[in-house]
Amino acid sequence: MNIALVLPIFIPMLAGALTLACWQWRNVQRILSLLSGTGLLVAGIYLFSQVRSQGILVAYMGNWSAPYGITLVADLLSAIMVLVTGIVGLSVAIYSLATMSKKHEAFGYYPLLHLMLAGVAGAFLTGDIFNLYVWFEIMLVASFGLMILGGERAQMEGALKYVTLNLLSSALFLTAVGLLYGYAGTLNMADLALKLGNGEQPGLVTVIAMLFMVAFGIKAAAFPLFFWLPASYHTPPVAISAVFAGLLTKVGVYALYRVFSLIFIQDIGLTHHNVLMAMGIFTMLTGVLGAAAQFEVRRILSFHIVSQIGYMLVGLALFTPLAIAGGVFYIFHHIIVKTNLFLISGIMYRYHGSYDLAKLGGLYRNAPWLAFLFLIPAMSLAGIPPLSGFFAKYTVIKAGVLEGAWWMVGIALLVGLLTLYSMVKIWAEAFWKPLPDEAKPLRGESDPQRYLLYLPVIVLAAMTLTIGLGAEWFIRLSLDTAAQLLNPNGYIEAVLGPLGSRS
Numbered sequence: 001m002n003i004a005l006v007l008p009i010f011i012p013m014l015a016g017a018l019t020l021a022c023w024q025w026r027n028v029q030r031i032l033s034l035l036s037g038t039g040l041l042v043a044g045i046y047l048f049s050q051v052r053s054q055g056i057l058v059a060y061m062g063n064w065s066a067p068y069g070i071t072l073v074a075d076l077l078s079a080i081m082v083l084v085t086g087i088v089g090l091s092v093a094i095y096s097l098a099t100m101s102k103k104h105e106a107f108g109y110y111p112l113l114h115l116m117l118a119g120v121a122g123a124f125l126t127g128d129i130f131n132l133y134v135w136f137e138i139m140l141v142a143s144f145g146l147m148i149l150g151g152e153r154a155q156m157e158g159a160l161k162y163v164t165l166n167l168l169s170s171a172l173f174l175t176a177v178g179l180l181y182g183y184a185g186t187l188n189m190a191d192l193a194l195k196l197g198n199g200e201q202p203g204l205v206t207v208i209a210m211l212f213m214v215a216f217g218i219k220a221a222a223f224p225l226f227f228w229l230p231a232s233y234h235t236p237p238v239a240i241s242a243v244f245a246g247l248l249t250k251v252g253v254y255a256l257y258r259v260f261s262l263i264f265i266q267d268i269g270l271t272h273h274n275v276l277m278a279m280g281i282f283t284m285l286t287g288v289l290g291a292a293a294q295f296e297v298r299r300i301l302s303f304h305i306v307s308q309i310g311y312m313l314v315g316l317a318l319f320t321p322l323a324i325a326g327g328v329f330y331i332f333h334h335i336i337v338k339t340n341l342f343l344i345s346g347i348m349y350r351y352h353g354s355y356d357l358a359k360l361g362g363l364y365r366n367a368p369w370l371a372f373l374f375l376i377p378a379m380s381l382a383g384i385p386p387l388s389g390f391f392a393k394y395t396v397i398k399a400g401v402l403e404g405a406w407w408m409v410g411i412a413l414l415v416g417l418l419t420l421y422s423m424v425k426i427w428a429e430a431f432w433k434p435l436p437d438e439a440k441p442l443r444g445e446s447d448p449q450r451y452l453l454y455l456p457v458i459v460l461a462a463m464t465l466t467i468g469l470g471a472e473w474f475i476r477l478s479l480d481t482a483a484q485l486l487n488p489n490g491y492i493e494a495v496l497g498p499l500g501s502r503s
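Just so we're aligned: the sequence shown equals residues 1 to 503 in the working numbering.
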């Protein structure tokens with residue numbers, strides 16, 4: 001068994017169990033959380049280096065070879081996603097030390113956080129469609145628990161919408177899994193790719209593909225079933241919002257990339273060029289229009305998650321090497337940028353006690369470093385060069401131009417402008433305008449925990465700069481990832497062995 005595939009799941013799961021066992025000792029939980037975050041990041045780096053040097057890695061649980069046993073698989077896409085999960089996990093673990101209250105910690109914050117991280121890593125590494133469903137349910141249970149921690153009315157309302165739509169998604173997912181098993185007699189993704197490629201009922205396969213698309217589309221907060229996200233992500237404590245914003249919707253996007261590049265590629269004209277393209281365009285547009293209408297920082301950022309998911313979907317919809325590479329680049333860039341923006345919103349709240357732009361102001365004069373740190377991810381999200389978001393948008397839009405997808409290109413450019421408008425609005429209201437008379441005074445240098453707040457923000461901002469300034473290396477990595485995704489035979493052979501031996 002390849003230990004590099006097991007560690008990213010085992011470490012947070014063990015941390016969840018240990019922090020639950022130590023629930024009476026707050027400091028022990030905190031130390032375990034930091035150790036787990038560090039361990040997950042190291043495991044992610046190790047896994048990425050192994051995949052980069054050796055190619056696709058496979059581990060068979062209990063020595064039951066595919067397609068009969070549980071299989072873990074890591075290609076470049078999986079390894080990248082696990083690595084950024086480690087980055088987000090450690091950043092939030094550090095940030096939580098300064099922001100999470102005793103009450104939240106006593107009610108199981110750390111066990112739930114690490115259980116959720118284990119679910120995210122498991123979803124990225126599983127090679128079995130039913131186990132993907134299981135990891136989704138683990139994530140749903142843990143994230144629902146995190147969302148209602150504290151029990152405030154707004155949290156309960158947001159959590160109700162969140163869990164209702166996600167349960168609908170789970171029901172559709174499970175239905176699709178049942179139909180798929182009835183049709184193909186297997187749930188191993190590589191084996192499914194092989195059998196569906198030789199299928200005799202393309203109509204039934206397309207129906208099953210649509211069920212998966214809706215189920216994963218809800219998880220990814222795609223149009224038209226995204227409204228649970230802006231109704232819920234602004235309600236829990238900011239550390240929880242940040243990890244949700246960075247990771248959860250990307251698991252849905254990852255599932256779409258995995259399934260619609262490996263299994264459901266029989267009718268690309270319908271599933272990709274028509275349905276996914278329309279879903280992506282409307283997701284971009286409705287998300288950014290929602291953000292432009294908001295005046296509460298976390299609600300603006302929540303709507304922007306929706307609009308940016310649209311760019312990732314159109315990358316998959318175009319289904320060319322450059323477009324897939326742009327989508328992959330967009331995913332890891334956005335996880336880092338969006339997590340950082342939510343963490344910064346928490347610092348803004350720490351200063352003035354509000355996320356409402358009308359009650360914020362004066363931060364540029366009184367907290368210039370915070371203003372600078374906000375500008376980096378904000379301008380990156382808007383696509384300003386030379387930051388990471390520019391290269392992500394440029395790659396997707398260039399792929400659209402090469403394919404003649406002019407509607408998509410026009411909407412993507414318009415969404416970029418409106419994203420810039422939203423970021424400038426936050427800057428003008430929170431940082432540039434004078435502090436309103438009724439606003440709370442700045443805590444500033446008197447905050448003894450400001451170092452714990454700023455440390456993850458500085459590191460994530462530095463990563464955004466690194467991705468932008470070293471874009472050539474990251475684009476090459478994205479192109480290599482796209483090449484793997486568009487050549488399913490490599491994945492199938494890694495899991496099942498040489499194709500010729502199975503004929």
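It should be emphasised that the hints constitute simulated quantities derived from the structure, not laboratory data. Since the structure is predicted, the reported quantities are computational estimates derived from the model, not experimental observations. For glycine and all other residues, C-beta sits at the position ideal for the given N, C-alpha and C. A few of these clues could be false.
Ranges between beta-carbon positions, derived for each pair [what the hints assert, rightly or not]:
| # | residue 1 | residue 2 | range |
| --- | --- | --- | --- |
| 1 | Thr320 | Met156 | 43 to 53 Å |
| 2 | Pro385 | Gly69 | 44 to 54 Å |
| 3 | Pro368 | Thr466 | 38 to 48 Å |
DSS-like mimics (lysine-lysine), calculated; alpha carbons at most 27 Å apart, straight line [said to hold, decoys possible]:
| # | residue 1 | residue 2 |
| --- | --- | --- |
| 4 | Lys103 | Lys195 |
| 5 | Lys102 | Lys195 |
| 6 | Lys433 | Lys359 |
- Message: Name the hints, by number, that the structure is in violation of.
- Response: 3, 4, 5
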